[in-house]
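The listed protein sequences correspond, in order, to chains A and B.
Our numbering puts the first residue of the first sequence at 8, with every later residue one more than the last.
Our numbering puts the first residue of the second sequence at 403, with every later residue one more than the last.
Treat the hints with care, since some could be wrong.
Output of the computed footprint for chain B on chain A, the stretches with three or more beta carbons under 8 Å from beta carbons of chain B [stated by the list, open to error]:
id	region
1	19–33
2	75–87
3	110–117
Think about it this way: if two alpha-carbon atoms lie no more than 27 Å apart in a straight line, the pair counts; the simulated DSS-like pairs of lysine-lysine are [to be verified]:
id	chain 1	residue 1	chain 2	residue 2
4	A	Lys75	B	Lys466
5	B	Lys466	B	Lys422
6	B	Lys466	A	Lys49
7	B	Lys416	A	Lys49
8	A	Lys22	B	Lys468
9	B	Lys416	A	Lys22
10	A	Lys64	A	Lys78
11	A	Lys65	A	Lys49
12	B	Lys416	B	Lys466
13	A	Lys75	A	Lys64
14	B	Lys416	B	Lys468
15	B	Lys457	B	Lys422
16	A	Lys107	B	Lys416
17	A	Lys65	A	Lys75
18	A	Lys64	A	Lys107
19	B	Lys422	B	Lys443
20	A	Lys78	A	Lys65
21	B	Lys468	A	Lys78
22	A	Lys75	A	Lys22
23	A	Lys22	A	Lys49
24	A	Lys49	B	Lys468
25	A	Lys107	A	Lys12
26	A	Lys75	A	Lys49
27	A	Lys107	A	Lys75
28	A	Lys64	A	Lys22
29	A	Lys12	B	Lys422
30	B	Lys466	A	Lys22
31	A	Lys65	A	Lys12
32	A	Lys64	A	Lys12
33	A	Lys75	A	Lys12
34	A	Lys65	B	Lys416
35	A	Lys12	A	Lys78
36	B	Lys443	B	Lys466
37	A	Lys64	A	Lys49
38	B	Lys466	A	Lys65
39	A	Lys12	B	Lys457
What the hints contain is simulated information worked out from the structure, not anything from laboratory work.
Every residue gets a Cβ at the ideal spot worked out from N, C-alpha and C, and that includes glycine.
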Amino acid sequence: QQQVKQSPQSLIVQKGGISIINCAYENTAFDYFPWYQQFPGKGPALLIAIRPDVSEKKEGRFTISFNKSAKQFSLHIMDSQPGDSATYFCAASMGDSSYKLIFGSGTRLLVRP
Amino acid sequence: GAVVSQHPSRVICKSGTSVKIECRSLDFQATTMFWYRQFPKQSLMLMATSNEGSKATYEQGVEKDKFLINHASLTLSTLTVTSAHPEDSSFYICSAIRYTEAFFGQGTRLTVV
Chain A
8 QQQVKQSPQS LIVQKGGISI INCAYENTAF DYFPWYQQFP GKGPALLIAI
58 RPDVSEKKEG RFTISFNKSA KQFSLHIMDS QPGDSATYFC AASMGDSSYK
108 LIFGSGTRLL VRP
Chain B
403 GAVVSQHPSR VICKSGTSVK IECRSLDFQA TTMFWYRQFP KQSLMLMATS
453 NEGSKATYEQ GVEKDKFLIN HASLTLSTLT VTSAHPEDSS FYICSAIRYT
503 EAFFGQGTRL TVV
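Next up, chain A with everything else stripped away, as it sits in the complex:
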């Protein structure tokens, strides 16, 4: 059972544009929602994360929007750059001691110059 659904599978954006990636979850016990960036042949790197007590978090060009009632959260990349071209994964975990992450299927972002 896929607990975190991510879309789109791939995304092409022009330089300077806004990239938007969406995720939806099923388990209401999830209380930590990170986004990871992965370049080919590398491990994922934490980009930004949010907890359900806030509806939005911004760090530089990256913003997470969180809708608890809809069980959805999204990543917005403002002023997208070619260097942002990578695969992005959303994830979710519960607040127990396991910190076990459930990953979305990933979105391959290509930012054209």
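Keeping the supplied structure of chain A fixed, place chain B upon it in accordance with the hints.
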């Protein structure tokens, strides 16, 4: 941010042999580490949770006798792929928990020939 190092980054082995992959937390202690497997253009699939000083917890469908995990210290977890076969070829990634965040290693590309 916290640093997690994996070794080796790439390994090629012959069918039937065993391969050990190391995951180290370089600047923090980690009582919990996770091992993931990632196929090309796919998401991270959790294989097991590695707990310092106790037996690993394996996800459903993961053969514990084939994927041996040892977490002998607070900074080191190892994954040994025993009697490797070509279908075990994959990208293996570990993560370590610092406070409530997961930090990932750079991954190990295993090729079984």
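Review point. Which of the stated hints cannot be reconciled with the structure, identified by number in ascending sequence?
Key: 1, 2, 4, 8, 9, 16, 21, 22, 26, 29, 30, 34, 38, 39
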